[in-house]
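Peer 1: Please arrange chain B on chain A, whose structure you already have, making use of the hints.
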Amino acid sequence: MKIEKYIRQISLPQVGEAGQQKLGQVSVLVVGAGGLGNAVLPYLAASGIGAIGIIDGDTITMSNLHRQILFSENDLHQLKAKVAYERLRTQFPEVSFVAYTEFLAAESALTLFKDYDVIVDATDSIDIRYLINDACVLTNKPFVHASVYRFQFQIATFNIDGSGTYRCLYPYPPKTVQNCAEAGVMPSTVAIAGLYQANEVIKYALGIGELIINKLLLVDTLTNKQHQFSYQKKDHTYINQIFYEKEYMKQPAELISFEDALKQDGLFLDVRQPDEEPKLAFENYLQIPLQNLEENLFQLSGANRIFIFCQSGKRSVVAHHILKKHQLAVFCLKDNAPEIDKKNHKVL
Amino acid sequence: MMRMKINYFGEIADITKQTTEHVELKDGLVSELLSYLLTKYKLHVEDMHIAVNHEIVSTYEDVSIREHDEVAVLSPFAGG
Numbered sequence: 143m144k145i146e147k148y149i150r151q152i153s154l155p156q157v158g159e160a161g162q163q164k165l166g167q168v169s170v171l172v173v174g175a176g177g178l179g180n181a182v183l184p185y186l187a188a189s190g191i192g193a194i195g196i197i198d199g200d201t202i203t204m205s206n207l208h209r210q211i212l213f214s215e216n217d218l219h220q221l222k223a224k225v226a227y228e229r230l231r232t233q234f235p236e237v238s239f240v241a242y243t244e245f246l247a248a249e250s251a252l253t254l255f256k257d258y259d260v261i262v263d264a265t266d267s268i269d270i271r272y273l274i275n276d277a278c279v280l281t282n283k284p285f286v287h288a289s290v291y292r293f294q295f296q297i298a299t300f301n302i303d304g305s306g307t308y309r310c311l312y313p314y315p316p317k318t319v320q321n322c323a324e325a326g327v328m329p330s331t332v333a334i335a336g337l338y339q340a341n342e343v344i345k346y347a348l349g350i351g352e353l354i355i356n357k358l359l360l361v362d363t364l365t366n367k368q369h370q371f372s373y374q375k376k377d378h379t380y381i382n383q384i385f386y387e388k389e390y391m392k393q394p395a396e397l398i399s400f401e402d403a404l405k406q407d408g409l410f411l412d413v414r415q416p417d418e419e420p421k422l423a424f425e426n427y428l429q430i431p432l433q434n435l436e437e438n439l440f441q442l443s444g445a446n447r448i449f450i451f452c453q454s455g456k457r458s459v460v461a462h463h464i465l466k467k468h469q470l471a472v473f474c475l476k477d478n479a480p481e482i483d484k485k486n487h488k489v490l
Numbered sequence: 003m004m005r006m007k008i009n010y011f012g013e014i015a016d017i018t019k020q021t022t023e024h025v026e027l028k029d030g031l032v033s034e035l036l037s038y039l040l041t042k043y044k045l046h047v048e049d050m051h052i053a054v055n056h057e058i059v060s061t062y063e064d065v066s067i068r069e070h071d072e073v074a075v076l077s078p079f080a081g082g
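Line order of the protein sequences matches chains A and B. Per my numbering, residue 143 is the first one in the first sequence, and the count goes up by one each step. Per my numbering, residue 3 is the first one in the second sequence, and the count goes up by one each step.
One chain only, chain A, in its complex shape (with noise of 0.2 Å):
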């Protein structure tokens, strides 16, 4: 550790060199590398935390960069999560960096979330939070929210030993809201919000001052007026790996090979566009593109079971997926039916 580096804070009574020691064995994983995460990333890096992740699918655009200023015009079109990585680590070589250049997804993120001591929710996803909270709450993990609404933000710790969670607050997902995309946002809110998160996560690595658990900071910084929001926590033994399942990761798809489904009484359904080729005939073929199906239901109404294939057997999954919804018996062909041979026209 370099002392000099974080003498100023060393030198704070709440810190001193134990609670430095302290800020370089906890990790962090921040979830977003947007307007949020670029505030809180540098300045959760600057106060030394041992090891930061950054997890965010995204690339760069230019409406980005008046917020999100780890970027530059030159990184435009690349990976957030890379060019945030690349940025920092350079910065702030002591710190132990990990990119993770995809959205969080359900499937990973318990895995994930079980490396890290707090997770900082720096996401423009009401979706996203709520994942973010149920996988929380499933592996006991802390973590510091933030969301912004043009001149204000919303900020709040949860699941802190059994304090209240996204869901005490807010139990369900709203039906109408709007992103920075849509409601606008100056830069300087957002940055506001970040550092706001970053104190939070200090100030737990450090266990001192206190934490906004059980209730929810609201900041105007049009007229600079704070409003503290206390709310009763909940019972949440609800969210458990059944709930978070259900909730978040699709049901695997209902196989059959081609040939046991030749054998029963059902529709072979083509989800691919129609001029793509091979162009395919066959006894009780149908094609409906995907994007198209929802509309077309109607078509497969009379139909015992459905099984569907189309070029690589993604585009499969996701109509299954929504077929599944509307109670149809669907299957997918087993490993996209090579026996429906899609380069010579026939079927084999």
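I should point out that these hints are in silico values taken from the structure, not numbers from a laboratory. Please read all numbers here as calculations on a predicted model, not as lab measurements. It is possible that part of the hints are untrue.
Computed list of chain A residues with no C-beta within reach of chain B, every gap over 12 Å [to be verified]:
1) F213
2) D263
3) P313
In silico lysine-lysine, DSS-like type, Cα no more than 25 Å apart, as pairs [unchecked claim]:
4) A:K317 to A:K224
5) A:K317 to B:K19
6) A:K376 to A:K164
7) B:K28 to A:K367
A short, non-exhaustive set of chain B residues, derived as facing chain A with CB atoms under 10 Å [stated by the list, open to error]:
8) H51
9) L76
10) P78
Virtual Cβ for every residue (Gly too), placed ideally from N, Cα, C.
Peer 2: Same frame as chain A, now just chain B:
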């Protein structure tokens, strides 16, 4: 009739086009306020969270509001 001062935050303030409003409620119940907001501003009941004296109240319990209580209506923010 009770005259209440209601503070709006975030998107709710944009929809109501004001940050505070004086609302008259007959019985002073949260359900009356929700019904008023639903009728006047077409706000989704599920998306509104009411705080009375800085404490978010469960809309199922239909808490009473007194004349000088500080009432806030807020909703989750999405941006980041």
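Peer 1: Each hint: holds or not?
Peer 2: Now the hints, each set against the structure:
| no. | hint | verdict |
| --- | --- | --- |
| 1 | F213 | 15 Å, holds |
| 2 | D263 | 8 Å, violated |
| 3 | P313 | 9 Å, violated |
| 4 | A:K317 to A:K224 | 33 Å, violated |
| 5 | A:K317 to B:K19 | 20 Å, holds |
| 6 | A:K376 to A:K164 | 32 Å, violated |
| 7 | B:K28 to A:K367 | 30 Å, violated |
| 8 | H51 | 7 Å, holds |
| 9 | L76 | 7 Å, holds |
| 10 | P78 | 5 Å, holds |
Comparing the model with each earlier hint shows violations of hints 2, 3, 4, 6 and 7; every other hint is respected.
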